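*Asks:* Chain residues, written in single-letter form:
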Amino acid sequence: MATQPIDRLPAGGDLIYRQRRAVRAWHWLNALAVIVLLMSGMMIFNAHPHLYWGQYGANNDMPWLEIGSDGERGYLRVASITIPTTGVLGLAGGEERAFPPLVTIPSGYNLAAARQWHFFFAWLLVVPGLLFWFWGFISRHVQRDLAPTAEELRPTSLWQDIKDHARLRFHTGEAARRYNVLQKLSYVGVIFGLLPIMVLTGLTMSPGIDAAWPWLLDLYGGRQSARSIHFICAALLAAFIVVHLVMVLLAGPINELRSITTGWYRLPKERDQ
Amino acid sequence: MTLLTRRRLIGSLGVGAGGLLLSGCDRIAASPKVQDVLGLGEGLTMRAQRLVTDRTALAREFAASDMSPVFRTNGNTMPASDAYQAHAANGFADWRLQVDGLVRRPQKVSLAQIRAMPARTQITRHDCVEGWSAIGKWTGLPLKLALDAAGVLPSARYVVFHCADDFDGAPYYESIDLIDAYHPQTILAWGMNDQLLSVGHGAPLRLRVERQLGYKQAKYVMRVEAVDSLARIGAGKGGYWEDSADYQWFAAI
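If you read the sequences in order, they're chains A and B.
Read in numbering that gives the first Met the number 0, the first sequence has 160 at position 161, and its numbers run on one by one without any break.
Read in numbering that gives the first Met the number 0, the second sequence has 156 at position 157, and its numbers run on one by one without any break.
Chain B on its own, in the form it takes in the complex:
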């Protein structure tokens, strides 16, 4: 009896492997059950990584000599909206960063005010989900200072970054949890490689949340919103790429 079941098990494993090797694989892969099982791996990976790593650890900072000679751009390199282009044309002089949501004192801050606040400069590695890396120097306002100025309410669990760019009308956005939001290397960068941030790299402000992949590094940040849930934003998965192409919200791997 046990032998039979074992044989059957081995047989079905063999059939499964054969199926994978053929194009039937895609049908298996697309089934909701398989997606659910694979999703368990994602949750396990996130919990395991949080269990075995120090969540306050700093990403490695490099020397100026380690920097990429050319730091490529990717994603959107020029937001399409008229409002953004008007701001870009006059050097973001009338532009304001909005900090709101679950905060005591919603803020509207000018770029000049942000640049006058304490800044952090870090030379870090940017890792695209595709596999490439580039090392650049970022200067910006620690997100903690912006959040503290607004007074985040205890009910907040995530910080959402609303951006000026879009893909076919779907606005870009990203989100991180509060541990990453208050991490000392998490900054709203207005400078890159000793210059003001260029439009291609996300002017006027780009999120740098080191320890996560490139799609988390939202460019063209217009509004920082503290929320208790991601469910009501976009399609509810926490970011443009998470919503549109099922990229993992947990982007530290």
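One chain only, chain A, in its complex shape:
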């Protein structure tokens, strides 16, 4: 395997060691956990596909979001807006189900089994996640690789990075060794924002935890609000995964997959070469 010569800065075409073992291990464990959690979570949602704000919320109360079917058409209703979703949500393949069998674990309606999957993989999210947080600060991965610098956060450089992404002009050569600022912000947002909120709002739905830690109810404004926030953050995580995968495809899937699997990444060639 070619390694970088030590007498010059790495340049486009060089194979560099980019992802450390802990990053790679956590990435794949977490990917597995998040995917199973999203899929089993959608089955759990199917048991009561209505979301509310506040401490309580049931069939006679006003939901702010619901996925349903009138028997012929599936719909997604957010506040007073109804979006027809036949074939995708509410009603698909002749079955009245908020999320279709293709994307849920288990594929058939089984709330008990979905909960069993969800709570098992929640451990796979939480334990490696906490270890990764811990390792991330100790090894300075967070401070060095993930935290955006003050320079990067200046509006002009943020705007430049947004324009670069929109034009699909990804960093090349030496600059591609580091995450760009949008990448950093989205990774930090997921690792220190969405994932912990998912865990805490999940715990807020537990009546046993609510009794012991009532501050969770105050933090999220009630069990039904926590359930809504859990769902919104799940949707944001799903959106992150889609954008993340599109970026991998655009940036070169083989090189990106090798990097996150073996650690070795080939720096993209400079454009003028």
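Keep in mind the hints are simulated off the structure, nothing from the lab.
Where hints are given, some of them may not hold.
Keeping only pairs whose Cα atoms sit at most 25 Å apart, straight-line, the calculated SDA-like set for lysine to any residue is [unchecked claim]: (1) B/32 - A/111; (2) B/136 - A/230; (3) B/236 - A/204; (4) A/183 - A/230; (5) B/136 - A/52; (6) B/32 - A/101; (7) B/136 - A/217; (8) B/32 - A/122; (9) B/136 - A/59.
With the Cβ distance kept under 8 Å, some of the chain B side facing chain A (calculated, not the full set) [said to hold, decoys possible]: (10) 50; (11) 52; (12) 56; (13) 61; (14) 62; (15) 130; (16) 210.
If you want the footprint, here are the derived chain A segments under chain B, 3+ residues with CB under 8 Å [to be verified]: (17) 38-46; (18) 70-77; (19) 117-130; (20) 161-169.
Keep in mind that this is a model prediction, so the values were computed, not measured.
Glycine is no exception: its CB is placed at the ideal position from the N, C-alpha and C atoms.
Since chain A is already given, all that's left is putting chain B on it; use the hints.
*Replies:* Chain B alone, transformed into the frame defined by chain A:
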């Protein structure tokens, strides 16, 4: 060598994830080995929750202004048995709550006697396993008082609630451990929202074991039995939904 094994590991993880995304997932999910592994998570969750939480903590009690305008019913709303319907027709005047099993003094108590005993009123949140919640006001006899009157033997480990309703002939029942049974908010409710408990909500008595999900809140409680093991009751998993659909006995999450 290490690289090969790692590659193989990663490869098999990839195949596993792919399998999950397809319908083959259900075959994997249904295999007894997978069920055993997933069951480990349930045991871990229960132990972890008991480790990090105070088992005597009280569930939040709400103000009257926080109550749900409509508290929906669910599960059975009218037990099918003739005996129950006869009791309901005459206002449960001849009905008796049985307290027995591993107790020194088995009891048969009338509803009038129960209502004459000290009562606790609490406005709490009812959480269905499906995801909805409703806040209601419950009034009833602390289960501790009923158990103390009967004198629970030291060999008892669980309290089982036998109910008048059934699903296709399988009687409804539920069970809790003694810590939950003696918890101050665990009551046999005979009143709801300042009225006598309605048949739809479980008259004459409904268990309220706050800090657990709705399927633990057994309605139509006819008999309270102290036992040392759940193995001999129903299919042995501690409750109707646990037996029939594999719902978790530990229903605090």
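*Asks:* Next step is simple, just say for each hint if it's right about the structure.
*Replies:* Hint check results:
| no. | hint | verdict |
| --- | --- | --- |
| 1 | B/32 - A/111 | holds, 17 Å |
| 2 | B/136 - A/230 | violated, 29 Å |
| 3 | B/236 - A/204 | holds, 24 Å |
| 4 | A/183 - A/230 | holds, 24 Å |
| 5 | B/136 - A/52 | holds, 21 Å |
| 6 | B/32 - A/101 | holds, 23 Å |
| 7 | B/136 - A/217 | holds, 21 Å |
| 8 | B/32 - A/122 | holds, 18 Å |
| 9 | B/136 - A/59 | holds, 17 Å |
| 10 | 50 | violated, 11 Å |
| 11 | 52 | holds, 3 Å |
| 12 | 56 | holds, 4 Å |
| 13 | 61 | holds, 7 Å |
| 14 | 62 | violated, 10 Å |
| 15 | 130 | holds, 4 Å |
| 16 | 210 | holds, 5 Å |
| 17 | 38-46 | holds (count 4) |
| 18 | 70-77 | violated (count 0) |
| 19 | 117-130 | holds (count 5) |
| 20 | 161-169 | violated (count 0) |
The structure is inconsistent with the numbered hints 2, 10, 14, 18, 20, although it conforms to all the rest.
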